[in-house]
Structure formats: C-alpha cells, structure tokens
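Engineer: Following the hints, complete the assembly by docking chains C, X and Z onto the known chain P.
4 protein chains.
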Amino acid sequence: MTEQISLEPWQWPEEHWRKLVGHVRAGRAYRPKSWKDGARCAVALSFDSDHETNELRDGGKSIGRLCWGEYGARVCVPRILALLERYGVRATFYVPAVVALLHSEEQRRVIAEGHEIGIHGWIHELNSTLPYEAERDLMLRSADTLEKITGVRPVGVRTASWDFSPSTLAIEQEMGLAYDSSLMADEDCYELLLDGSPTGIVELPVEWVRDDAVYFMMHRFQSLRPYTPPTDVLDIFLRSSSPCIRTSSATARGSSSSRR
Amino acid sequence: MTEQISLEPWQWPEEHWRKLVGHVRAGRAYRPKSWKDGARCAVALSFDSDHETNELRDGGKSIGRLCWGEYGARVCVPRILALLERYGVRATFYVPAVVALLHSEEQRRVIAEGHEIGIHGWIHELNSTLPYEAERDLMLRSADTLEKITGVRPVGVRTASWDFSPSTLAIEQEMGLAYDSSLMADEDCYELLLDGSPTGIVELPVEWVRDDAVYFMMHRFQSLRPYTPPTDVLDIFLRSSSPCIRTSSATARGSSSSRR
Amino acid sequence: MTEQISLEPWQWPEEHWRKLVGHVRAGRAYRPKSWKDGARCAVALSFDSDHETNELRDGGKSIGRLCWGEYGARVCVPRILALLERYGVRATFYVPAVVALLHSEEQRRVIAEGHEIGIHGWIHELNSTLPYEAERDLMLRSADTLEKITGVRPVGVRTASWDFSPSTLAIEQEMGLAYDSSLMADEDCYELLLDGSPTGIVELPVEWVRDDAVYFMMHRFQSLRPYTPPTDVLDIFLRSSSPCIRTSSATARGSSSSRR
Amino acid sequence: MTEQISLEPWQWPEEHWRKLVGHVRAGRAYRPKSWKDGARCAVALSFDSDHETNELRDGGKSIGRLCWGEYGARVCVPRILALLERYGVRATFYVPAVVALLHSEEQRRVIAEGHEIGIHGWIHELNSTLPYEAERDLMLRSADTLEKITGVRPVGVRTASWDFSPSTLAIEQEMGLAYDSSLMADEDCYELLLDGSPTGIVELPVEWVRDDAVYFMMHRFQSLRPYTPPTDVLDIFLRSSSPCIRTSSATARGSSSSRR
Numbered sequence: 001m002t003e004q005i006s007l008e009p010w011q012w013p014e015e016h017w018r019k020l021v022g023h024v025r026a027g028r029a030y031r032p033k034s035w036k037d038g039a040r041c042a043v044a045l046s047f048d049s050d051h052e053t054n055e056l057r058d059g060g061k062s063i064g065r066l067c068w069g070e071y072g073a074r075v076c077v078p079r080i081l082a083l084l085e086r087y088g089v090r091a092t093f094y095v096p097a098v099v100a101l102l103h104s105e106e107q108r109r110v111i112a113e114g115h116e117i118g119i120h121g122w123i124h125e126l127n128s129t130l131p132y133e134a135e136r137d138l139m140l141r142s143a144d145t146l147e148k149i150t151g152v153r154p155v156g157v158r159t160a161s162w163d164f165s166p167s168t169l170a171i172e173q174e175m176g177l178a179y180d181s182s183l184m185a186d187e188d189c190y191e192l193l194l195d196g197s198p199t200g201i202v203e204l205p206v207e208w209v210r211d212d213a214v215y216f217m218m219h220r221f222q223s224l225r226p227y228t229p230p231t232d233v234l235d236i237f238l239r240s241s242s243p244c245i246r247t248s249s250a251t252a253r254g255s256s257s258s259r260r
Numbered sequence: 001m002t003e004q005i006s007l008e009p010w011q012w013p014e015e016h017w018r019k020l021v022g023h024v025r026a027g028r029a030y031r032p033k034s035w036k037d038g039a040r041c042a043v044a045l046s047f048d049s050d051h052e053t054n055e056l057r058d059g060g061k062s063i064g065r066l067c068w069g070e071y072g073a074r075v076c077v078p079r080i081l082a083l084l085e086r087y088g089v090r091a092t093f094y095v096p097a098v099v100a101l102l103h104s105e106e107q108r109r110v111i112a113e114g115h116e117i118g119i120h121g122w123i124h125e126l127n128s129t130l131p132y133e134a135e136r137d138l139m140l141r142s143a144d145t146l147e148k149i150t151g152v153r154p155v156g157v158r159t160a161s162w163d164f165s166p167s168t169l170a171i172e173q174e175m176g177l178a179y180d181s182s183l184m185a186d187e188d189c190y191e192l193l194l195d196g197s198p199t200g201i202v203e204l205p206v207e208w209v210r211d212d213a214v215y216f217m218m219h220r221f222q223s224l225r226p227y228t229p230p231t232d233v234l235d236i237f238l239r240s241s242s243p244c245i246r247t248s249s250a251t252a253r254g255s256s257s258s259r260r
Numbered sequence: 001m002t003e004q005i006s007l008e009p010w011q012w013p014e015e016h017w018r019k020l021v022g023h024v025r026a027g028r029a030y031r032p033k034s035w036k037d038g039a040r041c042a043v044a045l046s047f048d049s050d051h052e053t054n055e056l057r058d059g060g061k062s063i064g065r066l067c068w069g070e071y072g073a074r075v076c077v078p079r080i081l082a083l084l085e086r087y088g089v090r091a092t093f094y095v096p097a098v099v100a101l102l103h104s105e106e107q108r109r110v111i112a113e114g115h116e117i118g119i120h121g122w123i124h125e126l127n128s129t130l131p132y133e134a135e136r137d138l139m140l141r142s143a144d145t146l147e148k149i150t151g152v153r154p155v156g157v158r159t160a161s162w163d164f165s166p167s168t169l170a171i172e173q174e175m176g177l178a179y180d181s182s183l184m185a186d187e188d189c190y191e192l193l194l195d196g197s198p199t200g201i202v203e204l205p206v207e208w209v210r211d212d213a214v215y216f217m218m219h220r221f222q223s224l225r226p227y228t229p230p231t232d233v234l235d236i237f238l239r240s241s242s243p244c245i246r247t248s249s250a251t252a253r254g255s256s257s258s259r260r
Numbered sequence: 001m002t003e004q005i006s007l008e009p010w011q012w013p014e015e016h017w018r019k020l021v022g023h024v025r026a027g028r029a030y031r032p033k034s035w036k037d038g039a040r041c042a043v044a045l046s047f048d049s050d051h052e053t054n055e056l057r058d059g060g061k062s063i064g065r066l067c068w069g070e071y072g073a074r075v076c077v078p079r080i081l082a083l084l085e086r087y088g089v090r091a092t093f094y095v096p097a098v099v100a101l102l103h104s105e106e107q108r109r110v111i112a113e114g115h116e117i118g119i120h121g122w123i124h125e126l127n128s129t130l131p132y133e134a135e136r137d138l139m140l141r142s143a144d145t146l147e148k149i150t151g152v153r154p155v156g157v158r159t160a161s162w163d164f165s166p167s168t169l170a171i172e173q174e175m176g177l178a179y180d181s182s183l184m185a186d187e188d189c190y191e192l193l194l195d196g197s198p199t200g201i202v203e204l205p206v207e208w209v210r211d212d213a214v215y216f217m218m219h220r221f222q223s224l225r226p227y228t229p230p231t232d233v234l235d236i237f238l239r240s241s242s243p244c245i246r247t248s249s250a251t252a253r254g255s256s257s258s259r260r
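Protein chains in written order, with the numbering used here: chain P, 1 to 260; chain C, 1 to 260; chain X, 1 to 260; chain Z, 1 to 260.
So that you can see chain P by itself, here it is in the shape it has in the complex (with noise of 0.2 Å):
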C-alpha cells in the first residue's frame, strides 16, 4: 500500500502514518432504533471451527494438537449444536476450507440445522503473511470450497487470528461479501471505509475480551496458560457486554464529533 520507509515511526512524515492510519477506518454506525420485542441489545454467537488447522498452519508437527484439534471436531461442535438447538439460537461458524474438507459431514450438519457458515481462511493462515495472490487466490478458493461442500455460498468472512493485510478489504470487497467480522472499531456494527470511501462492507466487530480462546488456550511451549477460571469469564463477558446495553438509551456519545 505504501511504499516501506526506513525511517523510525517517529522520524515518519505526517503524510506516512495518516496513510496507514487512514486505510481501512470505521465509517457509519449501524444500530437500529430499537432491537426485537424491545430488547435491550442483540448478542450474536459465533464460532472459529479451526480444528486441526490450528496446529496445522504452524507446521503440523504436534501430533498431540493435532488430537487436540480432532477434539473440536468429535466433541465440541456436537455439543455445541446441542446447545443452540436446545434455546433455539442461530449461530454462525467460520470454518477453514481444510476443515471443511477434512469434516464435511459436520459443515453439511450445521447448514442443515440453520447456522451460517463464514470464510475462515484455507488452513487457517495469516493474510499479513501472504503475497496479494496467494492472499486472493486463497480466499476465493475458500469461498468455492465451502460452497461446493454446503450449498451454500458465504457472504461473509472472519480472517483467521483477525489478521489483515493491506489487500485484505480491497478482496473482500472484489468478493462482493456483505460483511467482515475481524476488527474492533465499534462494539456496534459499522461500514467499513477503505481510504476514505465507503466499501459497503458491514464490520460487525470482534474484541479480544469476548473471545473466550484468550483466556482458556494452552500452548506449552508459549507461555499461555488457561489462568481464568470458567465464572471469571462469564463476568467479564457480562460485563464487557454492559456499555453497549447501557449506551441504548443514553446520548453521550451522540455527541462525539470523532464519530463520523
């Protein structure tokens, strides 16, 4: 996108950091009047089927992940389709194109039951790492694979690990996809603007703090570790959540001239 500068981020040129900060920028907020039946906020449920891919895009060596990611396939999505159908809840999973591939069955089940299916990348690779065409090429073959294996072809995309590159949202956009849900700009959705101008894309935002992997991954040879035990979370999902609940009826940040 810009060409690389060997200076310091602070010799940079104003013009050099308003770039970078400029690319890809949040834009309107989308939030109704009101929610369903008057509800206070809307929650969406999602879920990253990365299986073995995990361990899969480091390299593939760690036959105890790898098992570890057969886990997810064999005891986790069944009983998480249990759950939502129990409370009747939609839900949407992104899945790796190798996970499709490696778990057919299991997508075909979930589009079956009501869910969404989303791009999550081909083996759950990071896009900053990619050169613009391998980038392209493998998130339209993603989007071939899970259409070719569902029925059903996904409009919208989580980038795997939340990881963009400078092309990500030019592709996206090529794609015609209808939303991206990898950013944080927003705890409401919003347009996603790339330098400057409106793409149509709806960002409807992640954050680390409600992703539950953060605080319960291991990897033994990182130092990550599950330190915070189940209720812990809950609280801090509930109140993460609070603002946004709370926001509904207030005007403060109607006022921010930062906004727009």
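Since the hints were made in silico from the structure, they are not lab data. Just to be clear, a hint being listed does not mean it is correct.
What the hints assert, rightly or not - Listed below are the simulated DSSO-like cross-link pairs for lysine-lysine, each with C-alpha atoms no more than 27 Å apart in a straight line:
#	chain 1	residue 1	chain 2	residue 2
1	X	19	Z	61
2	X	36	P	19
3	C	148	P	148
4	Z	19	C	148
5	C	61	Z	148
6	C	19	P	61
7	X	61	P	19
8	Z	148	X	19
Structural biologist: Relative to the frame of chain P, chains C, X and Z by itself:
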C-alpha cells in the same frame, strides 16, 4: 513419516495435510452403558512423579530446581499416598526410569499399596526430539527398568510432557501396551488408529485444563507463574468434568457423523 | 550520562552504581496537612489517549491493532467524558502529538469540558531509545502541537510507556514543566532531584498495579492476555490505595531516616 | 563440579545424573516435637530488600525501575517495620551489600528494632553465572560489608533469586554460616548435605508459591504482570501452609523411606 516438504502450509497439497492429520487418530469410543453402582461418571486420578527429571532433561544445571524435584519424593508422594489410602482410592503414577532408579523404595511402596505405575520416559525426554532408534530404545529400557524395580511390567504409558513423535504409537503397539494416556481427542476413552487402522491400544485422554501443573508451575526464566488460586483450579476441574457427567444421559453426540 | 563500562554489574566500582542510582531521585514529599473537606485522601484520575499510536510506534503494520486504537477515539473517550461529567470530576488526558493531530476535535472537547491535557510523546516513542537531540526535539514539538490544537500550553508530561531516558528530566526542566507523572518512588507527590539537586518539578507518581492496561492488555504475539476480571482489578485498585488512606493519620513513616 | 559432557540428557551415563542430583541434597529434618505455647506451626516472615539492585544487576539502564526500587527504601521498609512493631514480630531482612551501602541507616534501624539481616549477594547477582573466585569473593565481601554497617555479623544467607551455583554450599560452609534459605526440598527445616555429607548448615526452605513477588511483579518487557489479586494470594499462602499445619499431628510422612 512424511517426506519434508519445503512449502508453506497454505501451499501444501491436500495429500500432505491429510497424511499429517490422519496419522494418529481417534477410533471407536469406549464408554460403558452404565458406571459401577450407578455412578454418573468415573474419574481416574494420576500423578506424574517427575521429581528431579523435570530439571535433568533440560540439562540439570539448576540446583534450585533439582531440590524442588526432591520435594516431590520427600514430601509430595508420601502425602498423596496417605490421602489415597484415607479414601481407599487406587491411582496411577507415571514414573520416568531415572526417577525409579533414584527413588526405588518409593516405587515399591506405590505398588505395595495397590497403585499402578506406568511408563513416563527415561529422563522425561521429549519424544518428538529423538531419532527413532533412541525413542524405541528408551521406551523399552524404561519398561524393563520399572519392571526390574517393582516386579510389575507396566501396561500403559504417558509420554513425558504428553509429547508424541510420529513413531510413538507404533512403538507402543510393538511393545504390546494396553493403553496410552497422552492425547486428548475426546473425554471418553477411545481406541487409537494408526494411519487409519485400529491399534487395539486404548487412549485414556488427558486435557491441559485438568492438569494442575498448568496452573501452579513456576519457572523463573520463562513467564510461567502460579497465578490461579487453588479454589479457582478446583472450580475449573469441576466445571470441565461436568459436561462428561451431563452427557451420560444425553444423546446429542450420537448424531455426529464425524464421530466414527 | 555515565561512560559505558564493559564490566558486569557485580564488577562495577562503587562510583558507577552510585551515579546510576543517584541520577533521578525522590526529594521532599508533598502532602498537605489535610485534604479538602477533611477527605482521607485524594485520587487523581488520568487517561492515556494513545489510540492508534500504540501500534504506530511499533511500525503500524497491524490493521487490527490500528482499529483497536480507533476504538479509543470512537467509543472510549466519549464514554469516559460522559462518566466524568456525570460525577463532576476533572481529569487529565495524556495525548501523543500524533493522536492530537488525528483527533483534534477530541482534544478540544476534552479541554472545553474542563479537563487537562498533558504531553505524552510524539508518536508514543520510547524516550530511552532516542538520541538526545531527537528526544528534546520531539518533546518540544509535542508541547507546541498540543498548544496549537487546544490553545492551552501543557504544564505536565507523562512519558510514553513511563519510559525515562537519562536526559528526560533535564529536558522537562528546560521546558519549565510543572510536573512529571512517569515515576514511582512514593505514593505521595514529591520533588524530583537531578544528580542530587532539586528541580522544582513535582512527581505525581504512577504505579503499575494501579494502571488498568496492565491487566486488560492483549497482545497476540506476546504472551499478554486479559487474565484478571474487572472485579478483581477493582479490588487491587482499592487495596493498593488503602495504605495511603491509612497512613494519612499514621506517624510510622515520619521516623524513616531514608525518607529525606 | 562435574566435567562438561556434550551428550543429551537422555544419553547421560547413570553416574552423571546421580552426581548432579546428589550434589546438594536434603538430610535430616529439623522439626521440634512441639511448637512454643502449643502452637500448631511456626511461620518465619522474611523480606528481601533488593531495592535498586534488582535493576542494577540487569544493567541499571531503566530509571523507572530504579525509582521503583527507591520506593522499597522510601515507603515499604518503613511500613513493614511499623507493621512488625505493631504486632511485636521479629523478622529477617536479606540485603544485598550494595543496598546496605546505599541505605545504611535503614539497615541500622532494622537491627536496632530487633530484626535479623542476612546476606543476599553483592548487587543481587546470580551465583550460577559467576566464576568460583568471584562468587567466593562477593560472598565474603557481602558479609564484611553488612557487619561493618550494622555491627552484626550475618549468620545466614538467602542467595539472590534463590540461585545456587555448584560452589555455593561449599562457600557457605567455609564461611561457617548457620543456615541457608534458598532451597525447597521440604516444608520443614532440614540439614543440607554436600555430596552426601552433612554440612551442619540448616536449610530454612522457601517456596515460589509463598513468595509475593511471584504474583505482583511487573516487567514491561517480559510478560510478567500482577494478574492475581491480593485476596487470592492470601488464599494461596494460607492453603499452601495448611498441609504443614495439618501434618503436625499426622504420621503419614514418617513412613516414607525416601525421607532419610
């Protein structure tokens, strides 16, 4: 197992990632129709008596960590044995051969009090770092050493650090072991498949969140700290066990096509 | 400040470590005989409006972290301002010059609502990594930029990441600043000494445990996770403040000879 | 101690790992038949007055961490001394010689108020990184320095960071010290063995989980954060002490053959 391919994971041919994923896999589940005396579930308690080998396998330079290992033999195992005796519970101790040589009386007492001793490597080495011949030799010598000291031939193995090489399962099969306890593709026991074929070896699955070392381990030169209080760890153990209790009467998982 | 000595710290001559320790030091404490309206203590609330600069100063490559910074301007500052207004509280916002240039309206609103804006570096750069001329130039330009945007000349500084170079205090003195808020030799305010001489600059001390970023920061490629729930962080804030509350009527510290 | 062997630990001859493990070892336990006034257990409180040396030993470049050390002398030690006085408790302060030189009045006050001062290295250096001559010289000079300042010859040592070299125990023996407090092979005190021979030096064991620095330490450039609230740390301290309270009337440990 598979020839080294100098491609990025997102460039791999399908054959390659299918081979990686399919090498060690979960087969049929073992779960009795009902548990003894109508219990809602069964829990296995096991202890890894690593003692000094946790430091030895990393080079054995830290006298602090060696005496921290000595504490395991001097204080912990006697305390655990007293606790098990008080409640009439039989457990399994996984013991590296070097520990058994250093603390032979301890192992004889463990066996004498009715517990099981399983293989846990020679000096707590990581299987995935070993040449095949060394891994096989150490596994065989570990079994021989434990048998010589305790008089009982071990029938199961927990690989040190739950670390599996591509050869581990084949060596276990050659040794005629009854079970492995290093993998985690399910909460129920299951048969291990090697390249798609049933091995007759039962997996007694572990899970990081149900291992207390995860929360209490301290390593000054890594960023590992015992951040989680015991009360919370107990809460984690109980909650992470409750799904398996609950599903004993549920049918949700029976409908998963990816189960077989 | 001191010529580089290629010795191990345990080989240093006494003169060397005395010079290091004595360079920036706490002088006389500032604590009123009593607090306004008989309050047991006074608490200052301050906010570092780093926004996009937290990522920019590291190279600005992550679009995810840039929009995470945008969230600060779009959602957080308005929410904080509304909260402060509700309780009639005045606070200080430390703002990198680049943030002030990106979000000028925000800064004008902060000032208009009666709050203070302090210097917080140019682009959140680490002072200790800068040549002297660059550090001085960035400090001066930051002050000028903030004044130009808000119409108010800042009188205090919080160095970005609380990072002090050997030159920082001298530059602050040259600029005639009234206070610094980057160090932590006491809980009360105190005068900063430069090589043993009073500078006239007051330190409003910070402390890691009373900074919420410490607990809630997430960095995917470092091992930082938001492990501590807000309830516990509040507990930490209250407990870490209670000694200062308690000692307001105690005499214990008056007898310390190392106080002066 | 042992010649360097360029083999992997799993290749070591038995003689080698036996030598490593047997070098510093726990001998007979010291536990009185009963505690004073029928108490269920005895607890020793000790404080490591590292102050500025924690940063100095790493190069002394961070002014922030140096003033964070100054806080120890300016605020913490007076507060701790006041607390100990209020409850009439005598404690031990382990003080690097450089700290004693920087804060001599503090050390004289500690002694004057009836507490003990023990050796804690010269500048908080890691013993295991030192040549033998340097380690011995620093230990002797540290003892001399403390004696010169306080008038009392120290009789015990806590090595900085509890770091033991293969020579540490022999130097302690040569110096005629009464005790060490850096190791952790038991919860009771015990005699240290050097290559199997009793040294006459008593170990007052430490444990990471009973050290508050473990939970509250913050290091910006490492991934150390004060994640655990004080309430939970107190819970950990109480629970980790309860076994030793409980076993005062139990016989479980008496039957351990590895105890002697």
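Engineer: Take the hints in turn and mark each one as holding or not.
Structural biologist: So, going through the hints one by one against the coordinates:
no.: 1; hint: 19(X) <-> 61(Z); in the structure: holds, 12 Å
no.: 2; hint: 36(X) <-> 19(P); in the structure: violated, 48 Å
no.: 3; hint: 148(C) <-> 148(P); in the structure: violated, 59 Å
no.: 4; hint: 19(Z) <-> 148(C); in the structure: holds, 23 Å
no.: 5; hint: 61(C) <-> 148(Z); in the structure: violated, 34 Å
no.: 6; hint: 19(C) <-> 61(P); in the structure: holds, 12 Å
no.: 7; hint: 61(X) <-> 19(P); in the structure: holds, 12 Å
no.: 8; hint: 148(Z) <-> 19(X); in the structure: holds, 23 Å
Taken one by one, the earlier hints fail for this structure at numbers 2, 3, 5, listed in ascending order.
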